[in-house]
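Protein chains: 2
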Amino acid sequence: MKFDLQKSIAILERTPDVLTTMLQGISKDWIHTHEGEDTWSPYDVVGHLIVGEKTDWVVRTKIILSTSENKIFVPFDRFAQLQEKQDIPIAELLTEFASLREKNLTELTTLQITEQDLTRTGIHPELGEVTLAQLLAAWTAHDLGHIAQISRVMAKQYTSEVGPWKAYLKIVN
Amino acid sequence: MKFDLQKSIAILERTPDVLTTMLQGISKDWIHTHEGEDTWSPYDVVGHLIVGEKTDWVVRTKIILSTSENKIFVPFDRFAQLQEKQDIPIAELLTEFASLREKNLTELTTLQITEQDLTRTGIHPELGEVTLAQLLAAWTAHDLGHIAQISRVMAKQYTSEVGPWKAYLKIVN
Chain A
1 MKFDLQKSIA
11 ILERTPDVLT
21 TMLQGISKDW
31 IHTHEGEDTW
41 SPYDVVGHLI
51 VGEKTDWVVR
61 TKIILSTSEN
71 KIFVPFDRFA
81 QLQEKQDIPI
91 AELLTEFASL
101 REKNLTELTT
111 LQITEQDLTR
121 TGIHPELGEV
131 TLAQLLAAWT
141 AHDLGHIAQI
151 SRVMAKQYTS
161 EVGPWKAYLK
171 IVN
Chain U
1 MKFDLQKSIA
11 ILERTPDVLT
21 TMLQGISKDW
31 IHTHEGEDTW
41 SPYDVVGHLI
51 VGEKTDWVVR
61 TKIILSTSEN
71 KIFVPFDRFA
81 QLQEKQDIPI
91 AELLTEFASL
101 REKNLTELTT
111 LQITEQDLTR
121 TGIHPELGEV
131 TLAQLLAAWT
141 AHDLGHIAQI
151 SRVMAKQYTS
161 EVGPWKAYLK
171 IVN
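Residue numbers (the numbering used here), protein chains in the order written: chain A, 1 to 173; chain U, 1 to 173.
It is possible that part of the hints are untrue.
All copies of an identical chain are treated as equivalent in the list; a pair is satisfied when it fits inside any one copy or across any two copies.
Listed next, the in silico DSSO-like pairs over lysine-lysine satisfying Cα-Cα at most 30 Å (straight line) [to be verified]:
1) Lys170 to Lys103
2) Lys85 to Lys7
3) Lys62 to Lys2
4) Lys103 to Lys28
5) Lys170 to Lys54
6) Lys85 to Lys103
7) Lys103 to Lys2
8) Lys170 to Lys28
9) Lys166 to Lys62
10) Lys170 to Lys62
11) Lys2 to Lys28
12) Lys166 to Lys7
13) Lys170 to Lys85
FYI, nobody ran anything at the bench for these hints, they're computed from the structure.
Model the full assembly from the supplied sequences, consistent with the hints where possible.
Right under this line is the structure:
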C-alpha cells in the first residue's frame, strides 16, 4: 500500500479511542503487568505514546517543513516514560494522550501538506536522511505496533491459564 | 495472573467496541489486505470471530456444564469465514459480532458460573481434557491475539513506506 496522508490520519485519529476502549476502567492486573524484565506494561506504552506526541512526530514534521538549514532531529528518548511516576491513573494518561493527539492532528492539517512536501527530508540522528512521507508512515505503523504490543502483553498474562490451548494461541508463545 | 471470570469478561465485552473503533469507516485498503498468501485480512479476522461466537466458546461452555455424559466438543472450523462472500460491508460484520458477543456474555452471566464450575471439564477433539477456566481464558487470549493480529496486518501495509524506520519498527519485520 502506497503512503496516503488521509488514510494515515484515519488511523492516527482513532488510536486514542482504541486505547481508551481497551484500557479505561479495567483491573490494574491487566494494565501494570508486562512480559518480563525490561519489557513494557500497557501503562508504560501509553506513557511512551504521550512522549512521542510531545517530542517526536509533529515536532519533526515541522523541522522538515521549516526553512531552517538545520534539519537534524533531536534524538527521541524511547525510555522517558519509565522515569515518570507510576501513580497517575491510566484514565488521566489516556485523556492526556487523546488531547495531545488531537492538537497534533489539527496542527498537521493546518500545515496543508502537499504531495511535494511529502518528499522533503530531514536528518534522523541515527537513520540519516528520511522523507516526510516516511516519518508519517512510521508514526502510523508505530501506533499500530503499540496497539498490537498492548494486546500481546495482556494476552500473555493468561499464558498458563489457557492450559492446552497454548498450542493454538500463537500470541502467548 | 490467575484466571478470573470478571476480569475476563471485562476484556471480552470490550472487543466489539475495540474492533469497531479500529475498522469502521476506514478505507478498504486497510481492511481487505493481508500479510501474503494464506494469511488473513482484518475482514477475515472479524468473520472468524463471528464463527467463534456462533459455534465455539459459549457452545462449549454449555457442553462442559451440561449433565450429558458426552462432553466431546464439535471441532471448530477455523477457516469457515473464508468460504463466506466478501461483499458484506465490514460495518455489518462488526454489528453482527457485537450482537452475538452481547448475547453470549448475557448467556454466560445467566449460567452463574461458580469457582467449582470452573474446574469442570470437557473433551477437546485434539487437545483432550480441558477445564472451563481454561476455555474461558483461551476465549479472552484469543480476542487479544486477534486484535494484535489486525494491528500487525495493518501496520505491515506500510512496511516499505516507513523507509529507514523499518529498523526500529519490529511490527513490520
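Now the hints, each set against the structure:
1. Lys170 to Lys103: Result: close only across copies, 27 Å inter versus 37 Å intra.
2. Lys85 to Lys7: So lysine 85 and lysine 7 pass the 30 Å test across copies only (25 Å; inside, 35 Å).
3. Lys62 to Lys2: within (22 Å within a copy, 47 Å between copies)
4. Lys103 to Lys28: both (29 Å within a copy, 27 Å between copies)
5. Lys170 to Lys54: Between copies only: 22 Å across, 35 Å inside.
6. Lys85 to Lys103: For lysine 85 and lysine 103, the Cα distance is within 30 Å only inside one copy (24 Å; across copies 41 Å).
7. Lys103 to Lys2: within (26 Å within a copy, 40 Å between copies)
8. Lys170 to Lys28: both (24 Å within a copy, 26 Å between copies)
9. Lys166 to Lys62: between (46 Å within a copy, 22 Å between copies)
10. Lys170 to Lys62: between (40 Å within a copy, 26 Å between copies)
11. Lys2 to Lys28: Close across copies (13 Å), not inside one copy (39 Å); limit 30 Å.
12. Lys166 to Lys7: Answer is between: at 19 Å across copies they meet the 30 Å cutoff, but 36 Å inside does not.
13. Lys170 to Lys85: between (33 Å within a copy, 27 Å between copies)
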